[in-house]
Amino acid sequence: MQRNLLGIRELSAGEVAHFLDTAETFREISEREIKKVPALRGRTVINLFFEPSTRTRTSFENAGKRQSADVVNISSSSSSVTKGETLLDTARNLEAMGPDLIVIRHPSAGAPHQLARVCRAAVVNAGDGAHEHPTQALLDALTIRQRKGRIEGLRVAILGDLLHSRVARSNAHLLTKLGAEVAVAGPGTLAPREFAGLVEGEGSLRVERRVEDALEGADVVMVLRIQRERQESAFFPSLREYAVHYGLNLARLARAKDDAIVMHPGPMNRGIEIASDVADGARSLILDQVTNGVAVRMAVLYLLAGGGAAVSSSPGAPADAKADAVAPAEEKPEAALTARATDSTPA
Amino acid sequence: MRLLITNGYLIDPTQGLNAGRDLLIEDGRVAAVLKRGESQPEGAQVFDATGLVVAPGFIDLHTHLREPGQEYKETIASGAAAAVAGGFASVCAMPNTDPVNDNPAVTSFIVEQAAQARLANVFPVGAITKGSKGAELAEMGEMRRAGIVAVTDDGRGVPSAGMMRRAMEYARGLDLAVMDHCEDRSLAAGGVMHEGEWSLRLGLRGAPALAEESDAARDCALAELTGARVHLAHVSTRGALEAVRRAKERGLFVTCEVAPHHFALTDEAVKDYDTNTKMNPPLRSREHVEAILEGLRDGTVDAVATDHAPHHADEKALEFDHAPFGVTGLETAVALALDRLVHAGVVGLERLVELFSTNPARVFNLEGRGTLRAGAHADVTVLDPELRWTFDASRSKSKSRNTPFDGWTFHGAAVATVVAGRVVYRRAEAEAQSAVRSKN
Chain F
1 MQRNLLGIRE
11 LSAGEVAHFL
21 DTAETFREIS
31 EREIKKVPAL
41 RGRTVINLFF
51 EPSTRTRTSF
61 ENAGKRQSAD
71 VVNISSSSSS
81 VTKGETLLDT
91 ARNLEAMGPD
101 LIVIRHPSAG
111 APHQLARVCR
121 AAVVNAGDGA
131 HEHPTQALLD
141 ALTIRQRKGR
151 IEGLRVAILG
161 DLLHSRVARS
171 NAHLLTKLGA
181 EVAVAGPGTL
191 APREFAGLVE
201 GEGSLRVERR
211 VEDALEGADV
221 VMVLRIQRER
231 QESAFFPSLR
241 EYAVHYGLNL
251 ARLARAKDDA
261 IVMHPGPMNR
271 GIEIASDVAD
281 GARSLILDQV
291 TNGVAVRMAV
301 LYLLAGGGAA
311 VSSSPGAPAD
321 AKADAVAPAE
331 EKPEAALTAR
341 ATDSTPA
Chain W
1001 MRLLITNGYL
1011 IDPTQGLNAG
1021 RDLLIEDGRV
1031 AAVLKRGESQ
1041 PEGAQVFDAT
1051 GLVVAPGFID
1061 LHTHLREPGQ
1071 EYKETIASGA
1081 AAAVAGGFAS
1091 VCAMPNTDPV
1101 NDNPAVTSFI
1111 VEQAAQARLA
1121 NVFPVGAITK
1131 GSKGAELAEM
1141 GEMRRAGIVA
1151 VTDDGRGVPS
1161 AGMMRRAMEY
1171 ARGLDLAVMD
1181 HCEDRSLAAG
1191 GVMHEGEWSL
1201 RLGLRGAPAL
1211 AEESDAARDC
1221 ALAELTGARV
1231 HLAHVSTRGA
1241 LEAVRRAKER
1251 GLFVTCEVAP
1261 HHFALTDEAV
1271 KDYDTNTKMN
1281 PPLRSREHVE
1291 AILEGLRDGT
1301 VDAVATDHAP
1311 HHADEKALEF
1321 DHAPFGVTGL
1331 ETAVALALDR
1341 LVHAGVVGLE
1351 RLVELFSTNP
1361 ARVFNLEGRG
1371 TLRAGAHADV
1381 TVLDPELRWT
1391 FDASRSKSKS
1401 RNTPFDGWTF
1411 HGAAVATVVA
1421 GRVVYRRAEA
1431 EAQSAVRSKN
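If you're matching them up, the sequences are chains F and W in order.
Using our numbering, you'd call the opening residue of the first sequence number 1 and step up by one each time.
Using our numbering, you'd call the opening residue of the second sequence number 1001 and step up by one each time.
Here chain W stands alone, though its shape is the one from the complex (with noise of 0.2 Å):
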């Protein structure tokens, strides 16, 4: 099995790449990256990707899939089917599922069911603690056996600093990093939305961000106490981007994560009450959104991360109070980036493609992912970042529609995506874009 991509514009930051180049695949794995014409291999698959952009695979570093438990929200198969649609080769699978992902039984089911559905590689992400419930260690050893690449309880957080600590030191001597979910939820205090200027205007319950800046700095101290590899998940605000920046100043293993919803909307987005802009941590004031742009730009960000959470239309239909906590972000988030970070001046493509592969890879140490070099998987994502298109959210590969993205118009796709060799997706409308190119 041999695949061509040829014609293309390849950006690999590992390798200092950001030419014109041909990208041969074989059996798998990357063969060679090649100077335009330099070869024309007998029999390889050919893909023109004449006025795209040829990158190593995307790696959604938090996703939840919901399956086992939930499939009515979403599955592993109908989650990676978004997955690849919106550009991400592989997606890190969040451990709140029901049961709990705490346990290699279940990390080995999530395994297998990915294995069946054959379209983006999906890693599963173990609970630090039993249940998630902040009592006791999971098994994390065995769990990393059966295929778990980094520890979390995500969405619940560990509020025991204590626990945390003995987490952290444990999973530093199996190499595994340690996501958190920063909430304290003393002062989060049953908050719905940010709090501040919207949330005392429309009566709703406001989670300050200290809620989220307290527990990043708890993490950071820990980080230097345990060695530990951190890795903060979903920051939105412009203290918990301030602690990780000291941190990394202070040469600690510790990275962050932002959502696209975190840089693309303020809380002013909540004022007719729509259930789809109600996340955690929630859509936060304008001053967090520039400390967040500052951070992709100075590097302090390591990652644009979905925080996929999809939720049944019946269970957004609440009033906000009792809605859940949750958006979808698989098949917008790619767009999101290239349309509010590229096109914005924010960020280059050189630098998107650093935050969506190359960091995502090093943060959970993914062998052989996020580079292009020869040998390494043959994982890649071909963007299209002229395509001017409009999110349906009712033709969303995702079994749920809670995206606060609906209708929008984006500057910018992800146009194809490549797992192992395979091209898992391809988009109908840049095969046409691309068509009306070749004749000019």
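Bound conformation, chain F alone (with noise of 0.2 Å):
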């Protein structure tokens, strides 16, 4: 049975909240001394970045390590085009090493669900192009939820390069799927009006003209990376215009609710998207994220290996693997992370 993830859009509402309740209980593990549990004992991960990244690369090697897995990153700078090697060969000799789970950043969409077609691996997509980036999008769910206690009928502004970001699109499904008030803005070239179409689920999501109009009464704030070399391929005149006019600063935060926090998924371009006491204020929950991140790849890593219930959002899943994901766990990720220690048994 093929079980991946390769983004939020295929995900029911409860599988979304079965990764963040699994989530909440990995977050300990972090916190102890000796950050090991045997949870992915003699398990692979392959860990397949064709972008570069620091933050994400290190967040899932993280999880695999404390959860005792074999964890192999793999850099490839190039595209399968540049390297002569179609995604497909690369797939392949990779599969002939046996992981159990893939995971992979690419800069095209699809890449992901092109691998996870011939791999036996589990594929977890850790961003393809501007299509989604799911992780990313659990593990602000699982701050958001940390602060706010719930997801649903929050008012959430997103705000910058939508067209280009799939943490947008993964957020924009997550919190319309677990009910939230989803607003986005950001210039005209980079905020599709068809943006709205994404909504999913019970929330709503609306494209705002102007950034101060989404923030109107916002409990989360949302700031996207801007890319510098769109403002070349005429996205936008200048970084200095587009701190002015879009960028989250004090002044327009004000529009947001008190108590509303902030996040940025990184790395910050200071002074451009967000401004620097945006960023290190107090409602700047930018580093508990990262932290959150850990833990929800680890949830993600131990579900996809076979812990608790089966989650698959393979687009070609087979019905019973359906009926199989939202099936509620059987086993509590606590005991297994006890009890599991000396389980040898292959899922």
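Rather than coming from a laboratory, the hints here were simulated on the basis of the structure.
Relax, there's no trap hidden among the hints.
Simulated crosslink set (SDA-like; lysine to any residue; CA at most 20 Å straight-line): (1) 148(F) / 25(F); (2) 1035(W) / 1015(W); (3) 1271(W) / 164(F); (4) 1271(W) / 197(F); (5) 1271(W) / 194(F); (6) 1248(W) / 1218(W); (7) 1271(W) / 12(F); (8) 1271(W) / 10(F); (9) 65(F) / 98(F); (10) 148(F) / 258(F); (11) 1271(W) / 118(F); (12) 1271(W) / 119(F); (13) 65(F) / 49(F); (14) 1133(W) / 1186(W); (15) 1399(W) / 1071(W); (16) 1271(W) / 199(F); (17) 257(F) / 280(F); (18) 1271(W) / 117(F); (19) 1271(W) / 88(F); (20) 257(F) / 281(F); (21) 1271(W) / 107(F); (22) 1271(W) / 200(F).
Chain W stretches covered by chain F per the calculated footprint, using a threshold of three residues with CB under 8 Å from any CB of chain F: (23) 1193-1205; (24) 1318-1330.
Cβ coordinates follow ideal geometry from the N, Cα and C atoms, glycine included.
Using the hints, put the two chains back together into the complex; each one sits in its own frame.
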């Protein structure tokens, strides 16, 4: 049975909640003196990164190692075209090494889906082009839930380059699935009106022309990273103008609720999309996001390796896999972390 | 050499024929259309077409045969074999080979290879500009003498309106149709699929419908200015169809074709990132598909053409962003049209024959084709509109397998193809089926 995490869009609200609940239980492990449990002992995780990444790769690496998995990092700065090897060949070669999990980051949307079609190993999408970054959305949701106690009914503003952002897409899917009211805004070139069509489930999603309107009464403010090279492709005139008109500063933040929290997926361009006094302010949860990233990725690796209920988001997954996916966990992760320590039965 | 196709149902819009008739062929030409049982010519080979539709040979206005230069994708022989297996007696070979068909030497090579293959008729289409680079006119007159039937810079288009104007004026003098691939590159902006809800959801760069529509509007205006015969290739958008509709109302010689994948699929088919759903123009949203169906119904669309674009499996195994545009189509086009247009009630069989034969012959001025009048070339397509069959890409006659229709089951098929009086393809299942029918 193929079990992958390719995107948030294919997950049900129940499946999202299950990931989050499992991640909660994993948070504690990272606070221990000995940050290691044997949950994934004997399992091999390959981190396959076709894009430079420090934060996400390290986060997945820690998530694997803290569960005693063997973690292999493969970095390739080139896509299959420049390398002369097709993605399919790369996949088959990795598959021949018998990994249990492949974590892939790739500049082309859909690369994880293509990998998943030929691999027996579970595939985790760690960001594919402008498509999805599901573990980022999960860690963002975990962070919000910890601070606000819920997602449903919250007003969330997402600001910046929505067109090219996989973080924005995954968050739009996740937050609306869980019933949040999402407002997005950015320069007209980067905030297409059609973005409202990404709404899922019970929540709502609206595209505002002005950043100020999206911020009005927000409980949560998410700021997206601006890629400097977008200026050269004529999406906006200058970084200076971007900072003045679209950046999050204290004056703009005042439109949000007094207890609004501020998030950013990193790495930040200080003084461009986010002012330093906001990024370093009391309402900023940017470092909590990083901490939660490890917990979420531990949960994802654990669940996809066969712990607890199986989760499938493979578009072509058979019906029984879907049925399995929503089944309640028969085994509490906490139990697994102790009892399973000596359990060597493969899933 | 005599061939009698008997007991079939003959549809030929050029003669207003839609009735049970026998077709007598002699020496590569149509000798006569006969009432059933009118005569039993001595010594003729007899093709029993009981329960089948007999039509003038189908013509694909838009085929990429890849030879010369990319024989690993397709050759003229393999492409011609796929063509006749799909019911096409003739194909029009696009010039974007390597080298480009922009001079009479390449044209002659194509004609010669096609003659050796001896399957489908292959009509070369020459380039508009040298190397299809958009800067200097290609030798249209010399290529015409060598056998081209039209000109196009397909795959690229002609970005400069000024250059296109000159090309149309020059081609008009030679009575050659100018076929254009409508795509404003600055608007398409490197898009790999249709810009819309699905491109946004999938995080793939979108090319807006407007990229096609604005060039189509430009070409229609240039057709009026120059008086040239203008044919718009693979039209896929509501706006381009509206431009053609208006041009026709004004009495201009503007024609257009649509590709089967554009009426059979929407951009939602891209959702699993299967690179066999990547082609240019891209699969469009429902709104545009509806407009294509409307154009097929109301006569705005002149022809169904495959845009058969073979690519090797290794090339299609790349990321969606990097895989080449294009899908094969010769062996599925007629079946898709029977299934999705005729059986779905969009058009009748007579209109289908117009779309695949009568009109293509008119669009590229192919003398003695697209008709079964006495004296015409004996090119015939035989259809079994009721045959149910499943397409298995691994058994394709094409050298490439890049189709989104692998494993699809169709209602209706082309079951035999006659070229110059020779039965060059006959489907095995059809024989089995007609055998069953004759027993009943």
